[in-house]
Amino acid sequence: MALKHQTPMLDQLESGPWPSFVTGLKRLAESEDKPYADMMQDLLGQLEYSYTTRKGFWKGGTVGVRGYGAGIIPRFSEVASKFPESSEFHTLRVQPPAGMHYDTDTLRKMCDIWEEHGSGLIAFHGQSGDIMFQGSTTEGTQAAFDALNEIGFDLGGAGAGVRTSMSCVGGARCEQSCYNEQKAHRMIINSTLDDMHRPSLPYKFKFKFSGCANDCVNASHRSDFAVLGTWRDDMKVDQEAFKQYVAERGRKEINDQVINMCPTRALSMNDDDTLDVDNKSCVRCMHCINVLTKALSPGDDKGVTILLGGKRTLKIGDLMGSVIVPFKKLDTEEDFEELVELAESCIEFFAENALEHERIGEMVERIGLINFLDGVGLEVDPNMVTHPRTSSYVRTDDWDEEVAKWEARKGAVAAE
Amino acid sequence: MSEAPRMPDECGVPDPMPLMHPVMRENFGNWAWHDRPRPGVLHHVAKSGAEIWTIKAGTQRQMDVYTIRHLCDIADQFADGHVRFTARSNIEFMVSDQARVQPLIDKLTEDGFPVGGTGNSISMISHTQGWLHCDIPGTDASGVVKALMDEIYQDFIHEEMPNRVKITTSCCQINCGGQGDIAINVQHTKPPIINHDLVANMCERPAVVARCPVAAIRPAMVAGKPTLEVDEKKCICCGACYPPCPPMQINDPVNSKLAIWVGGKHSSTRTKPTFHKLVVAGLPNNPPRWPEVADVVKRILAAYKEDGRPWERMSEWIDRIGWPRFFEATGLPFTRHHIEDWRGGRSSLNTSSHVHF
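Line by line, the protein sequences give chains A and B. Note that the first sequence ends on residue 416 in the working numbering; no numbers are left out. Note that the second sequence ends on residue 357 in the working numbering; no numbers are left out.
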């Protein structure tokens, strides 16, 4: 089947070595035996029109599936008179399996469903981690969702609610994994689904799960609640393997690329080419472990550090997540349940105290970290700051009482 | 009586265990070490002695069902019928036998899926929806990425950069693409053009007023209709008013420009995470291949590749050489717009006598 619209601009994106999405769109448009062919003909036409006018032509609206208040991104064309067949082109946001593992049987079923009920265009994955089934009509949306739901997949988040989450490959393949990322991901999200499917929070709330400081799913900045793996005992050193690296790569390279790049000067090479580690100074940044994978690895007493409040520009400017829990064990069912309880407390406090369209990081910026910690029942810790305050504008009438609390906490830890 | 409608099974996040490659499932949480035998290939060894090779390939992210089935055919024939995707839309095939690595690489390469994206390469550019599907885009996403990946293809399939390079694109200043070693983001340069006939019906006006970061929006009456107006002297052209109020059109074919930012980093590896910083603005939004953007990106990459030391990310390289040398090495101008005047901006000033000559 010939293409209905000329696409000279898009045609230029078919050449070159990288896989071309335009070639894929055209193939869908040329599948004349398929129900989506006409829709994709006009979609190509509208996209070319955007390329020539340098403007977007989609508007939102209200489309949903029974029982849910989110998860469908409605798109209606503003140029439907020119491109009527793609006048409705909604996206279903579908949550991926934790760690984004698939077997081909599942992927083929998704293709079959989307070929029957949608446009045949799927993105793996959106920036929050959703599988994006792009291009359904208002009428086709419910049937597409029902079919995906029947094979075990559920809609993700949109709007002012809990959003779809991501976890790194973690324990499935990575020796640097410090906790069961997929379990934490599934437990937290599956216990906050009500706030995802029927969003009524002040604004969006994102969780992300990375197994170590390398943060492969960008949790620190791209989530409101970041769970990062770490450990608190000594890192492991296989001295024979370390010496082997020195023998192979030379002292200069190991000094330049490992020892001298340690951010806290916790490493030094001994005269016999073994490694000296000052574990009390180490901040578990992962650099040396990344370089010398056979010699160095995280310790045994693993757990997580939790950062809160990461977000991009709107409205007050960028915020990195900051530490609210320096270390938490995540071994037993009880540990995981405590993590879920903390997540729920944060959402609850957010729901009650944030202004409309204010992210939790912005709320903390407005009310101060101390008020937030009091609200969710967390104790202060020097790991929460880069340095203590520099401003003297603070009332310290209750200094002695606060010191007593610190002493009591220290005593309790010592007694453990 | 008609049948009750089907209600959703709120099953949430699928359990990956049944979908996972069996060697990964069997050795879950018990891996010992890994290495990279060649670009695009990871080799992991479990404490049990089991081994798995991962072959990573680039995709176009926005995939038609034919492409997905094609990748499934490759997985069934050359791997073990399992794949996973990375956060940057690369696909990973796993094999438990080293002899199966090369045939898989050959097949992927032959079929047009570049093998790479590991270690100190430039990985796939993370991108957003753009003109294909977004309701507020200033530019396209998939097209910008396709055009740029064609240009930097060699650095995807090789590992020749000082450290990994993460590039992101975003079609508006909300920046859904996120932080990047290099970020390519729309930067509007003119206040919104308001259709006063539509504001009262389409916009919740107090919410729009509250959305403005610089309090430049106020209620107004125009031709007897309640609407909103913008104090254009205060307006920073960020476009925050446009999503809640589409009649406040911020996108403009000429005045919506592209800006390039460098030095964003998510990981806590070595240095703490950093935000990307503005280095160039005012580039034209020039589809279908955005050559002016590609030119600047390639200049920055060339300078970093030339001068960065092993393991230095973009931000760490610039920390070492200093911003004057960055602008010199890339041939880019430094202007008054590079100096932060947003809240907290003072922390970006040089409060020392440390000066680069």
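Hints in this document: simulated from the structure, not taken from any laboratory. Accuracy of the hints is not assured; some may be wrong.
[Said to hold, decoys possible] Which chain B residues stay away from chain A? Per the calculated CB distances, all over 10 angstroms, these:
1) D9
2) D35
3) G49
4) T67
5) M94
6) K225
7) S256
8) H266
9) A281
10) L283
11) P287
12) R289
13) K305
[Said to hold, decoys possible] Covered stretches of chain A, going by a simulated chain B footprint (3 or more residues, C-beta under 8 angstroms):
14) 134 to 148
15) 266 to 278
16) 332 to 341
17) 363 to 373
18) 390 to 397
19) 404 to 411
[Claimed, not checked] Label pairs and their computed distance ranges (CB to CB):
20) B:A210 with A:V394: 29 to 37 angstroms
21) A:G152 with B:K298: 38 to 46 angstroms
22) A:K59 with B:G112: 52 to 60 angstroms
23) B:G112 with A:A2: 22 to 30 angstroms
24) B:E204 with A:S391: 49 to 57 angstroms
25) A:P326 with B:A223: 56 to 64 angstroms
26) A:V394 with B:I236: 30 to 38 angstroms
Beta carbons: idealized from backbone N, C-alpha and C, even for Gly.
Hint check:
no., hint, result
1, D9, "violated, 6 angstroms"
2, D35, "violated, 6 angstroms"
3, G49, "holds, 14 angstroms"
4, T67, "violated, 5 angstroms"
5, M94, "violated, 8 angstroms"
6, K225, "holds, 21 angstroms"
7, S256, "violated, 8 angstroms"
8, H266, "violated, 4 angstroms"
9, A281, "holds, 15 angstroms"
10, L283, "holds, 13 angstroms"
11, P287, "violated, 5 angstroms"
12, R289, "violated, 6 angstroms"
13, K305, "holds, 17 angstroms"
14, 134 to 148, "holds (count 3)"
15, 266 to 278, "violated (count 0)"
16, 332 to 341, "violated (count 0)"
17, 363 to 373, "violated (count 0)"
18, 390 to 397, "violated (count 0)"
19, 404 to 411, "violated (count 0)"
20, B:A210 with A:V394: 29 to 37 angstroms, "holds, 30 angstroms"
21, A:G152 with B:K298: 38 to 46 angstroms, "holds, 44 angstroms"
22, A:K59 with B:G112: 52 to 60 angstroms, "violated, 35 angstroms"
23, B:G112 with A:A2: 22 to 30 angstroms, "holds, 24 angstroms"
24, B:E204 with A:S391: 49 to 57 angstroms, "violated, 38 angstroms"
25, A:P326 with B:A223: 56 to 64 angstroms, "holds, 59 angstroms"
26, A:V394 with B:I236: 30 to 38 angstroms, "holds, 33 angstroms"
Checked against the numbered hints above, the structure breaks hints 1, 2, 4, 5, 7, 8, 11, 12, 15, 16, 17, 18, 19, 22, 24 and satisfies the rest.
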